[in-house]
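Let the sequences and hints guide you as you build the complete structure.
Chains as they are written, first to last, in our numbering: chain A, 84 to 205; chain B, 859 to 1557.
No lab work stands behind these hints, which were simulated from the structure alone.
Each hint should be verified, as a subset may be incorrect.
[What the hints assert, rightly or not] Quick list of in silico lysine-lysine cross-link-like pairs, DSBU-like style, CA-CA up to 35 Å:
(1) B:Lys-1541 <-> B:Lys-1501
(2) B:Lys-1541 <-> A:Lys-146
(3) A:Lys-202 <-> B:Lys-1374
(4) B:Lys-1470 <-> A:Lys-117
(5) A:Lys-202 <-> B:Lys-1389
(6) A:Lys-86 <-> B:Lys-1204
(7) A:Lys-86 <-> B:Lys-1470
(8) B:Lys-1367 <-> A:Lys-202
(9) B:Lys-1336 <-> A:Lys-152
[As the list claims (entries may be wrong)] If you want the footprint, here are the derived chain A segments under chain B, 3+ residues with CB under 8 Å:
(10) 95-102
(11) 165-171
Computed from a predicted structure; not experimentally measured.
Cβ coordinates follow ideal geometry from the N, Cα and C atoms, glycine included.
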Amino acid sequence: MNKRVIIYDDDADLLEVCSLILASRNFEVITKDKCTEILNDLQQHQPSVILMDNWIPDVGGIKATRLVKESKEFHHIPVIFFSANNNVSELAEEAGADYCLHKPFDIADLENIVSNAIKTTT
Amino acid sequence: MFTGSQRLNDIFGFKEKQNITHQDLLNRFHPDDRRVRDNALSAAMKNGSLTYEARIYWPEDTVRWIKVHGKITFDNGQKPVKMHGAVMDITLEKAPLKALEEKEERLNMAIDAAELATWELNLLTRLPIYSKRYLQLLGFAPDARPSHQEILTKIHPDDIGIRNEAMNQAMKDGFLDIELRIKPSPENIRWIRSRGKVLYDSNSVPVRILGTTLDITDQKAAFDVLQQSEERFKVIANNAPVMIWMSGNEKYAGFYNTSWLHFTGRSAEHENAGNWHEAVHPDDLTQYIRVYDEAFTNQKAFHREYRMKRHDGRYRWVSDNAVPRYDNSHNFIGFICASMDIDDEKRFNERLKASELLFKTIANVSPVGLWMTDINGKNNFVNDTWVEWTGVSITEHYDEGWLGAVIDADRNYVLDVCKKSFDAKENFAVEFRIKRKDGQLRWMLSEGGPFYTIDKEFSGFAGSVADITERKQQEILKNDFLAVASHELKTPITSIKAYTQLLAKTYEKTDNDFLKGALVKMENQINKMTKLVSDFLKVSNIESGKFQLNIETFDLSELVHEIAGDIQLVSVNHTILVKETESVFVNADRERIAQVITNFLNNAVKYSPDNKFISVTIERLNGSVTVSVIDQGIGIRPDEHKKIFERFYRAKANTNPAFSGFGIGLYICAEIVNKHGGEIGVKSEEGKGSVFYFTLSRA
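Put into C-alpha cells, the structure is as follows:
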C-alpha cells in the first residue's frame, strides 16, 4: 500500500515537524510550500493523501482543493484540510475536502486522521 | 251788521286785519258746543245778559276755550236791537281743570279694571261703608249690610293679630298697608292686600279710615312658586361646582353663585355694585365687553375664554358659556352663564402642544429613524429621517408600507421578528438591509417595544431604526483582524506543539525525569495558550459588538450529527452516539449553535477519560427541542452547577492539570443560548457523569 502523503503548507518548520511525525509512522512525506503546481505535483508524486493548509500561496487551499476534486485523475485522493482558522470545518466543506484538522493539533490526531484517510480510500 | 276787534281775530285764529263776518265766527265753534251758545243766546234775548263758555277750533285743529260776556240793548218795544260784548281766551285756565277731570275719570277706570274693593270706616261710630266688590270679596251677599264686627270675623284667625297691629300703626302713621288671609267661606282662604288712609279732625283725632282692598291670592301663589323656584335655583347654583352668574334686563349681572364668589374672593354686594369686571384681565376686558354687548343686542348665546384674577391674585383662564333667558311671555330677560376655571386644562393643552412640537422637532432632526404603530401593529408614524433615507413619502410607510424599503431577502424575516414580539408584547431588535434612495444598500438596526397609556393600556409599538452600516463594516473589519491575528498566533503554536509532542514521544522511555516533566509542562502551557487564543476570539465577538445572531432555519438534528461526526474523527478513543435521526427545524444562528454543541462534546470527551461512551439525545417537547450531551465522566458537584456557566469559572474538583482550559467555554455557550431565548443547564453527580443540555424553540 502506497503510504505517500503530500503536505502543502508555507511554514517550513511545520512541514518539517509533520514530516518527522508521519515518517515515524512509516509514511513517505513530500512537502510543498506553495500549491501553484498542485496537479503537476500530484501527477509527479501520486500521493495517497493530501494535507492542505488554507492560507498558502498562491491560489490558496480552497482553490487548490477544488482543482483536485474537479480533476478526473485525482479527485479520489482524500484531502485533509488543516488550518489555524477558526472555521476550518466550514472552509473544508467549502473547498470540498474530505477531512478537516484544527491547528494546533495533537500529533496523535494527525497520525489518526491520516491513517483513517488512507484506510477509507483503500 | 257785525264789527269785531283785532283781539277777536287773534282768539278765533284769523289773520290780522282780515275782514271777518259773524258767520265766520260761528263756523269756528266746536260742534258739541254750538248748542251751548244757542241756549245762552236765547236766554240772553229774554234777560239781556249773555254768559257762556264754549270751545272753538282753529283750522289746525287747535281747540281753545273762550268765555263770552255780553249785553243786549232793547228798544222801547222790548225788542233787542244791539248786542255787544267781550270774548276772553280761557284755554289756559281750563287746562288743569280738564286734566283733573280726566284724572278722576282714569282713577275710576283703574278701580274698575283692577276690581278694587273700596271701604270706609268711621272710627268714632264704627260704622262701615263698602263697595259691592268689597262685599263680594269677603263672601257677603250683594245686598248684605254686615257690621264692622261681622266683617272682622272674615279674617283668618291666625292673621287677626297682624291686622290689629297694622291698624294701631296706621293710627300713628296715617297709612295702612297690610297683606293678610281672609275666609270668605269656611273652606276658602284668600290673600288680600288692603291699603288705607286715616283722616283726622282739626284736633288731630283720627275720625275715618278709607281705603281699597285687592284680592292678591293669584299673585301670591305665583310669587310663592317663583320664590320657591328661585330659592331652589339658588341652592343648586350655589352648590354647583361651576361658577354661575345671571344678568338681567339692566345688562349687567345681578346674581353670582358661591363658586364665583369663592373664586374671586369678593362679596356679592361688591360684584353687584358693577365691579364684576375688576377681576377680568385688562387685555381681555374690552373684547369681552364687545362680545357681551353684541350678544345682548342680538339676544344670542355666546362663548368666551378670558383671564380672570383669582382670590389669590393669580390670573386663571376662565371659560364663559352664556345663554339668553326668557320669561313666560318670551321676553328676553338677560343671560345665565356657567363659567369654568379651565386654566389647568389650558396650560396642560399648551404644555401638550409644546411637548408635541418638541417631540416632532426632536423626532425629525433625530439622526435615527423613528416609528410608531397603532394597537394592531399597523404603522402610523415615521419621522423625516426615515422618509429622507428611503426617499418614500410618509403616508406610503403607513400600515405595512414601510416593509417596501426592506430588501426582498430580509423582508419576511423582519416581519416575522416584528410579529412575534408584537404578539408577545416584548421588546425586539432586528437587523436588516434597506435600499437607500441613492441606491446604496445600508444595514439597519431597528429596536422597539410596546408602549402604554397612563392607564397602562397597550397603545402600540414604538421604536427606532439606526443606520449601522459603518458599525457593521467595522465589525467585519474587526472580525477579519481577529481571525487573522488568531490564525497568525496559532500557526507558530502548531509547530511548537507538534515539536513538543514529538520530543515527548522521542524521549518516552528516557530516565531523565526532568526532561519528561518539562515536556509535559510545556505541552500543558501550549494547550492553555491555544485555548486562550481561540477563546479570546469568541469572547471578544460576544462582548465587543453585542454579538448579533444570523438567524436562519435549519435542521438541528443534522447539525448535531455533523458535529458529532467531526469530533468522533479526532476523538478516536471515544464513541459518540447520536440517538435521533428525524429532522428538527429551528430558527437560530447555525454557527453559534454549532459552537455550543462542539463545546458540550469536547467537554464530554475531555472530562471522561476513563469511560469512553458519550451519547447525544434530541428531544421534542411541545414547541421546543432539547439537545443533551451525556457522559459518564468525572461529574460536577451540585453547588457548582450554576457557577460553571459563569465567566472564568472552573470546577473546583477540576485540579487535574490534564484538564486545561480557560473556564470560558460554557460561559460562551450560555451567552449564545440565552441570546436565542433558550435555556441551558447541567444535571450532574460527582463521579457518575454529567448531562449538559440546551433548549431552543422549534421553527
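Taking the numbered hints from earlier one at a time, note which ones the structure violates and give those numbers from smallest to largest.
2, 4 and 6
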